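Participant: Sequence:
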Amino acid sequence: KAARRMRKDGFAARSLHFSLRSPDRARWQHQERFAAAQDDHALLGALERALRRAHREGILAGAKTVYVLLLDLVPASDRPVDLFTTAAMDSERQRWETLTAVTDKLSARFGHSAAMLGVQLPPPGGYAGQKIAFGRVPEVGGVEMLVLMG
Numbered sequence: 079k080a081a082r083r084m085r086k087d088g089f090a091a092r093s094l095h096f097s098l099r100s101p102d103r104a105r106w107q108h109q110e111r112f113a114a115a116q117d118d119h120a121l122l123g124a125l126e127r128a129l130r131r132a133h134r135e136g137i138l139a140g141a142k143t144v145y146v147l148l149l150d151l152v153p154a155s156d157r158p159v160d161l162f163t164t165a166a167m168d169s170e171r172q173r174w175e176t177l178t179a180v181t182d183k184l185s186a187r188f189g190h191s192a193a194m195l196g197v198q199l200p201p202p203g204g205y206a207g208q209k210i211a212f213g214r215v216p217e218v219g220g221v222e223m224l225v226l227m228g
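Counting with my numbering, you get residues 79 to 228 for the letters of the sequence shown.
Treat the hints as calculated values from the structure; they're not laboratory data.
Since the model is a prediction, treat every value here as computed from it, not as a measurement.
Careful: at least some of the hints might be erroneous.
[What the hints assert, rightly or not] Below, computed lysine to any residue pairings styled on SDA-like, alpha-carbon distance capped at 25 Å: (1) 183 with 108; (2) 142 with 99; (3) 79 with 142; (4) 183 with 141; (5) 79 with 141; (6) 86 with 125; (7) 142 with 110; (8) 142 with 100; (9) 183 with 140; (10) 142 with 104; (11) 79 with 102; (12) 86 with 96; (13) 142 with 175.
Can you make the complete structure from the sequences, with help from the hints?
Facilitator: Structure, rendered in structure tokens:
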């Protein structure tokens, strides 16, 4: 959602900050810098690396609060050229940005869950919608989702 808002405002991020807070209020942090990116694939890759590190260090299981920040924003139309990016890497980035733009358009037209990147797995235990159904019974079904996989 943050990435979608960032793209809508015409920016790209050059850093992702991820932190967890444990029940005793201890804080664990991870920050990663990368070439200016705005596509979900690049940003989720950075988040995945942070999650893997937290898991390896045994921090993830007890986390009570999660923070994800996109930092060092630059105008997407004015991104600096990365000297270490090859033509193949730039082509790959452009493909992911095109796919992300398509999912954003579908989401804008048909709702935020109309298209997403990755595999949609049912939540453990089934329905995970509204947790407290005071005064109404949630309806299941009637919603179709398009899942785009890379």
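Participant: Each hint: holds or not?
Facilitator: Outcome of the hint check:
1. A distance of roughly 31 Å separates the Cα atoms of residue 183 and residue 108; the hinted pair therefore is violated under the 25 Å criterion.
2. Between residue 142 and residue 99 the CA atoms are separated by roughly 6 Å; this keeps the pair inside 25 Å, and the hint holds.
3. About 20 Å separates the Cα atoms of residue 79 and residue 142, which keeps this hinted pair within 25 Å; it holds.
4. Restraint check: the Cα-Cα separation between residue 183 and residue 141 comes to about 34 Å, which exceeds 25 Å; the hinted pair is violated.
5. Pair hint residue 79 plus residue 141 holds up; C-alpha atoms about 21 Å apart against a cutoff of 25 Å.
6. Between residue 86 and residue 125 the alpha-carbon distance is near 20 Å, which keeps this suggested pair within the 25 Å criterion.
7. Among the hinted pairs, residue 142 with residue 110 is consistent with the structure: their alpha-carbon atoms are about 22 Å apart, no more than 25 Å.
8. Distance hint between residue 142 and residue 100 is fulfilled; the C-alpha atoms sit about 5 Å from each other, no more than 25 Å.
9. Note on residue 183 and residue 140: the hinted pairing is violated, with a Cα-Cα distance of about 37 Å set against a maximum of 25 Å.
10. For a cut-off of 25 Å, the pair hint linking residue 142 to residue 104 stands: about 10 Å separates their Cα positions.
11. At most 25 Å may separate the alpha-carbon atoms for a hinted pair to count; residue 79 and residue 102 exceed this at roughly 28 Å.
12. In summary, the hint linking residue 86 to residue 96 is supported, as the alpha carbons are separated by about 22 Å, within the 25 Å threshold.
13. A hinted pair counts as satisfied when its Cα atoms are at most 25 Å apart, and residue 142 with residue 175 does not qualify at roughly 32 Å.
In summary, the structure is inconsistent with hints 1, 4, 9, 11 and 13 from the numbered list given earlier, while agreeing with the others.
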